[in-house]
Amino acid sequence: MDDDERKKDEAVRKVVDDKNLKISRGNRKRFASTEFGHVLGEGPTPYHLLGIDFILSRLMGIERYLEEPRNYQSTSKIDFKKIDLQQALYFPRSLAPVIDDFNDERTLISESTIATMWFRLVSQYFEWIAGVSELCYLDEKDKIQVIVSHLCKVICFNVAYTNYQINNGGEDRERFWFGRGFYWDSARCVDPNMNKFAEKMLKVMNFNILPNIRRTQMKKEEFVMLKLVLLFDVSHTVKLSAQSREFCASRRNKYRTHLVDYIRSQVPIESPELSLADIDSVTLKRARLLLEIPQNVEMMGEFDDESLAEMVRTDYGGMNGVLQNQIHTESKKKSE
Numbered sequence: 001m002d003d004d005e006r007k008k009d010e011a012v013r014k015v016v017d018d019k020n021l022k023i024s025r026g027n028r029k030r031f032a033s034t035e036f037g038h039v040l041g042e043g044p045t046p047y048h049l050l051g052i053d054f055i056l057s058r059l060m061g062i063e064r065y066l067e068e069p070r071n072y073q074s075t076s077k078i079d080f081k082k083i084d085l086q087q088a089l090y091f092p093r094s095l096a097p098v099i100d101d102f103n104d105e106r107t108l109i110s111e112s113t114i115a116t117m118w119f120r121l122v123s124q125y126f127e128w129i130a131g132v133s134e135l136c137y138l139d140e141k142d143k144i145q146v147i148v149s150h151l152c153k154v155i156c157f158n159v160a161y162t163n164y165q166i167n168n169g170g171e172d173r174e175r176f177w178f179g180r181g182f183y184w185d186s187a188r189c190v191d192p193n194m195n196k197f198a199e200k201m202l203k204v205m206n207f208n209i210l211p212n213i214r215r216t217q218m219k220k221e222e223f224v225m226l227k228l229v230l231l232f233d234v235s236h237t238v239k240l241s242a243q244s245r246e247f248c249a250s251r252r253n254k255y256r257t258h259l260v261d262y263i264r265s266q267v268p269i270e271s272p273e274l275s276l277a278d279i280d281s282v283t284l285k286r287a288r289l290l291l292e293i294p295q296n297v298e299m300m301g302e303f304d305d306e307s308l309a310e311m312v313r314t315d316y317g318g319m320n321g322v323l324q325n326q327i328h329t330e331s332k333k334k335s336e
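Start counting the sequence shown at 1; every next residue gets the next number (UniProt numbering).
Mixed in with the good hints, there may be bad ones.
[As the list claims (entries may be wrong)] The calculated EDC-like cross-link candidates involving lysine to aspartate or glutamate, where the alpha carbons are at most 20 Å apart (straight line), are:
(1) Lys196 with Glu127
(2) Lys203 with Asp172
(3) Lys219 with Glu292
(4) Lys203 with Glu68
(5) Lys285 with Glu302
(6) Lys196 with Asp172
(7) Lys239 with Asp172
(8) Lys285 with Asp261
(9) Lys143 with Asp315
(10) Lys81 with Glu273
(11) Lys219 with Glu330
(12) Lys82 with Glu298
(13) Lys143 with Glu221
(14) Lys220 with Glu330
(15) Lys200 with Glu302
(16) Lys220 with Glu292
(17) Lys239 with Glu302
(18) Lys220 with Glu68
Think of the hints as simulated: they come from the structure by calculation, not from any bench.
Start from the sequences and build out the full structure, keeping to the hints where you can.
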């Protein structure tokens with residue numbers, strides 16, 4: 001390890017140590033990154049381009065962890081309107097239980113259930129964020145900016161892929177699956193505000209995102225790498241230091257490279273008769289289609305964020321809480 005790498009590793013450990021001193025554990029259960037199968041330590045830094053097999057093993061472990069229902073302490077005494085960004089970042093488990101998207105009873109989204117759904121989706125996002133160790137290399141202000149500004153986009157991508165899976169690659173113009181046990185049904189929902197929100201979300205998803213997912217029959221491995229491409233795309237993120245912007249761009253390129261490497265490794269397995277030139281051609285075509293998806297998620301994420309900001313402003317469904325304001329309204333003022 002050279003001097004530059006050693007300094008970066010020392011900086012990471014200092015960030016982690018400082019946060020541990022500031023966070024009061026109380027009776028909360030702190031998120032355990034070791035459950036993802038990796039910890040911050042003397043291993044390779046994010047500046048090393050590790051092999052695709054190692055990267056996928058880590059990323060798929062994160063996804064399996066996020067999807068497994070787990071036991072939680074009771075949240076009945078928690079005042080959810082007082083939950084803030086600090087708690088969401090360091091104790092995401094305390095926000096909501098994990099609900100199986102495919103087996104559990106589903107709840108129709110409405111004014112009375114929107115806040116519960118929001119906390120479930122946001123809890124999943126912050127648990128996933130805890131597994132992205134590269135974020136520790138950003139300073140605190142920039143890290144928060146990246147995490148908050150990409151929340152709606154990443155969640156919308158999760159929602160789109162959930163709809164693709166539940167509908168077995170087909171298209172449903174009447175029902176919209178938000179995930180984590182919640183859905184919208186045009187035939188059952190009588191709330192005009194929720195109908196307007198869900199109809200627009202469904203339309204944007206069906207027109208902008210799902211076509212390329214269906215066309216490529218996107219694999220789970222490709223999905224998890226594209227989420228990181230989306231997270232580290234800071235081209236639309238303002239108020240970010242030049243150093244952090246450069247670092248995020250390098251992470252985005254890293255996962256784009258890993259995605260192409262994965263595609264190339266799968267083509268000969270699925271089509272062993274292809275020549276090397278044909279393998280390159282198929283790889284390039286598929287990579288282009290997949291890498292268009294994060295750009296198309298932008299529109300859905302922006303509409304989602306704007307709609308939720310209005311719900312927070314009017315306290316629709318009890319959405320005017322501390323965390324909702326920090327994410328959907330206060331963060332916009334700070335970035336102007």
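Structure-based check of each hint:
no.	hint	result
1	Lys196 with Glu127	violated (30 Å)
2	Lys203 with Asp172	holds (10 Å)
3	Lys219 with Glu292	holds (15 Å)
4	Lys203 with Glu68	violated (30 Å)
5	Lys285 with Glu302	violated (28 Å)
6	Lys196 with Asp172	holds (17 Å)
7	Lys239 with Asp172	violated (39 Å)
8	Lys285 with Asp261	holds (13 Å)
9	Lys143 with Asp315	violated (28 Å)
10	Lys81 with Glu273	violated (59 Å)
11	Lys219 with Glu330	violated (36 Å)
12	Lys82 with Glu298	violated (29 Å)
13	Lys143 with Glu221	violated (25 Å)
14	Lys220 with Glu330	violated (34 Å)
15	Lys200 with Glu302	holds (12 Å)
16	Lys220 with Glu292	holds (17 Å)
17	Lys239 with Glu302	holds (18 Å)
18	Lys220 with Glu68	holds (16 Å)
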